[in-house]
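Please take these sequences and the hints and turn them into a complete structure.
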Amino acid sequence: MRRATHALWLMYGSLAVGLLGAALLCHQRDNVPGTAFFAACAVALAMAIPHTSWLLDEYRAALVAVDRGSLPGQLKTRQDITVEQALAAACCEQWWTTAGAAHQCTRKDQTL
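Count the sequence shown with this note's numbering and you get residues 127 to 238, in order.
These are calculated hints, taken from the structure and not from any lab test. Mixed in with the good hints there might be a few duds.
To be verified - Pair ranges (Cβ atoms, derived): (1) 129 x 191: 37 to 47 Å; (2) 213 x 157: 31 to 41 Å; (3) 212 x 157: 46 to 56 Å; (4) 212 x 163: 15 to 25 Å; (5) 205 x 139: 21 to 31 Å.
Glycine residues also receive a C-beta, built at the ideal position from the N, C-alpha and C atoms.
Structure (structure tokens):
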């Protein structure tokens, strides 16, 4: 899977460079719409590289969870884990209304 991903990244990079070359040719010939189109396509391909890297990390996490025997409904992303950690760190209701700022949790109207 890693070799295929690296080959995909290489293909994305070479296509992005080729599209940038086409954008430069359009720019030299004063073709503004063509320049914008090819440059936007090159940027989209460049953005696809980190996205596929993120997907690869998610697939690896899913495989680890399946190997551990977790049910498919119990798979968690990194965002789910971050939210759970933030919820566990909350000390009271005031924590949410102050966005985690310093406050006192000893008042009567606050719940622990």
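Item checked: Indices of hints not satisfied (ascending) -> 1, 2 and 4
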